[in-house]
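Engineer: Sequence:
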Amino acid sequence: MAHTIRGTLATHPIPGRDQQGRTVTQLRIAITPQVTHLRRGERREDYIRVTTVYLTGALTHPVPVGAPVTVTGTTTSRPRTGRVTYWAAPEQFSWR
Numbered sequence: 001m002a003h004t005i006r007g008t009l010a011t012h013p014i015p016g017r018d019q020q021g022r023t024v025t026q027l028r029i030a031i032t033p034q035v036t037h038l039r040r041g042e043r044r045e046d047y048i049r050v051t052t053v054y055l056t057g058a059l060t061h062p063v064p065v066g067a068p069v070t071v072t073g074t075t076t077s078r079p080r081t082g083r084v085t086y087w088a089a090p091e092q093f094s095w096r
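Position 9, counted from 1, in the sequence shown is what UniProt numbering calls 9; the numbers after and before it change by one each time, with no gaps.
The reader is advised that the hints may include incorrect statements.
[Said to hold, decoys possible] Restraint ranges, calculated between C-beta atoms of paired labels, are given here:
1. 84 with 37: 24 to 30 Å
2. 89 with 67: 35 to 41 Å
3. 96 with 45: 37 to 43 Å
4. 90 with 41: 40 to 46 Å
The set of hints was computed from the structure by calculation and includes no laboratory data.
Every residue gets a Cβ at the ideal spot worked out from N, C-alpha and C, and that includes glycine.
Let the sequences and hints guide you as you build the complete structure.
Structural biologist: This is the structure:
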């Protein structure tokens, strides 16, 4: 099932390799959910969460930290922990 993640790039892309030796790029994306009511003392930034997305290849162009990004990819989850991992091809990643 495809998921689209929109946010801002939280850190520089991290190049690496998966267990089979293929090139993988790790992206950390900060997502600010739509919050309609803030309690006294709360800030919209209090709701930011960071999601990790793995691109199944290398980026062909540099992306600055803080750039608005969009990734459409698939998920895998680990049976025992339920931890979800997001995967996408480089062509499914864009930034403005």
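Engineer: Need the list of violated hint numbers for this structure, in ascending order.
Structural biologist: 2 and 3
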